[in-house]
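Asker: Just so you know, the protein sequences line up as chains A and B, in that order. For what it's worth, our numbering labels the leading residue of the first sequence as 1, then goes sequentially. For what it's worth, our numbering labels the leading residue of the second sequence as 1001, then goes sequentially.
Be a bit skeptical, because a hint or two may be false.
Listed below are several chain B residues computed to face chain A (Cβ distance under 8 angstroms; list not exhaustive) [stated by the list, open to error]: (1) Tyr1027; (2) His1030; (3) Ser1031; (4) Tyr1036; (5) Leu1042; (6) Trp1060; (7) Asn1122; (8) Pro1136; (9) Val1146; (10) Asp1150; (11) Phe1178.
Keep in mind the hints are simulated off the structure, nothing from the lab. All values reported here derive from a predicted model rather than from experimental measurement. Just so it is clear, CB atoms sit at the ideal spot from N, CA and C, and this is done for glycine as well.
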Amino acid sequence: MNNRLQHSEKADQDLKATSQSRQDFASAEELLQADRSQTPVPPAVGDRIADSIARDPNPPPAATRSWWRRLFGH
Amino acid sequence: MDLPTESAPIPDSARLSALPTEFAALYEAHSQQVYYLALRLLGDPSQAEDATHDVFIKAWRNLSHFRGDADIRTWLYRITLNHCSNLRSSWHARNVHTQTDDTVIENAAGASESPFRDVDMNELGQRIRVALDELPEEYRVLLLLVADQDLSYDHVAKLTQQSTDAVRGKLHRARKAFATAFRKTA
């Protein structure tokens, strides 16, 4: 009985996983949006950018950073 | 805000948090869109990583050229498109031959059911990569840009240097061509 219950639960889980792994989309845009949402940026990219900026001999002068304040309200 | 002035190595775990606060916010808000656009235009994850790095470094170095009155996403996309276009024209375009628009669309005739139903999400990225690779560069760019819900058709028109009406017309053909190409990947 216990075995049968476990098999049934496993079948339910498999079915759920399968249905979650298959989806319908109404348009190409929706399809691309779903693809983008499951495509994270590799963490190494942010690390490399921070490293490059830290080594950049020509950081932007303070006067050119005013747009940040407008954009982010700082 | 303190700008980085030292060239000493920064520990890995602290690198992103070491970015100037506003630039880190800029990266957090837009990096996924930039990376995805580069990935699907170049078709290669390591090249997309390099391109994303280069785009944000160009943005960092050209802050003085950004007036702040344009949309920041549009500005970053413009840098990304130019960067990827330069890369592709230097190697990819010489070696890849895509079908003409008319041929791709003609092949769609008779296909009635949507190819976007019951899609296996585990295969989605690979199928999209192959399908986009079948399309002319202009269609690929238009589809990827309009897939960003934050961009209006006007933004897309400005980015691709054409009228909004032209964008609408080409998108109609691009969607058909993509559906045909995507169906073939099943």
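Asker: Is the interface hint satisfied for phenylalanine 1178/B? The criterion is a beta-carbon contact with chain A at less than 8 angstroms.
Answerer: holds, 5 angstroms
Asker: For the restraint on serine 1031/B, tell me whether the closest CB of chain A is nearer than 8 angstroms.
Answerer: At about 5 angstroms, which falls below the 8 angstroms cut-off, the nearest Cβ of chain A leaves the hint on serine 1031/B intact, so it holds.
Asker: Should the interface hint for histidine 1030/B be scored as holding, given a Cβ-Cβ cut-off of 8 angstroms against chain A?
Answerer: violated, 10 angstroms
Asker: Can the hint on tyrosine 1036/B be confirmed by a CB-to-CB distance to chain A that is less than 8 angstroms?
Answerer: Holds, about 4 angstroms.
Asker: Hint check: is the beta carbon of tryptophan 1060/B less than 8 angstroms from a beta carbon of chain A?
Answerer: holds, 6 angstroms
Asker: Hint asparagine 1122/B vs chain A: min CB-CB distance below 8 angstroms?
Answerer: Cβ of asparagine 1122/B sits 6 angstroms from chain A, so the hint holds.
Asker: Should the interface hint for aspartate 1150/B be scored as holding, given a Cβ-Cβ cut-off of 8 angstroms against chain A?
Answerer: Since chain A brings no Cβ nearer than about 11 angstroms to aspartate 1150/B, farther than 8 angstroms, the hint is violated.
Asker: Do the numbers back the hint for tyrosine 1027/B, that is, is its least Cβ distance to chain A under 8 angstroms?
Answerer: holds, 6 angstroms
Asker: Does leucine 1042/B hold up as a contact with chain A if the rule is Cβ-Cβ below 8 angstroms?
Answerer: violated, 13 angstroms
Asker: Double-check valine 1146/B for me: the hint is only fine if its C-beta lies closer than 8 angstroms to a C-beta in chain A.
Answerer: Hint on valine 1146/B: holds, closest Cβ of chain A at ~6 angstroms, below 8 angstroms.
Asker: Any CB of chain A closer than 8 angstroms to the CB of proline 1136/B?
Answerer: The hint is violated - proline 1136/B has no Cβ within 8 angstroms of chain A, the shortest such distance being about 15 angstroms.
In the structure shown, a violation is registered for the earlier hints numbered 2, 5, 8, 10, in ascending order.
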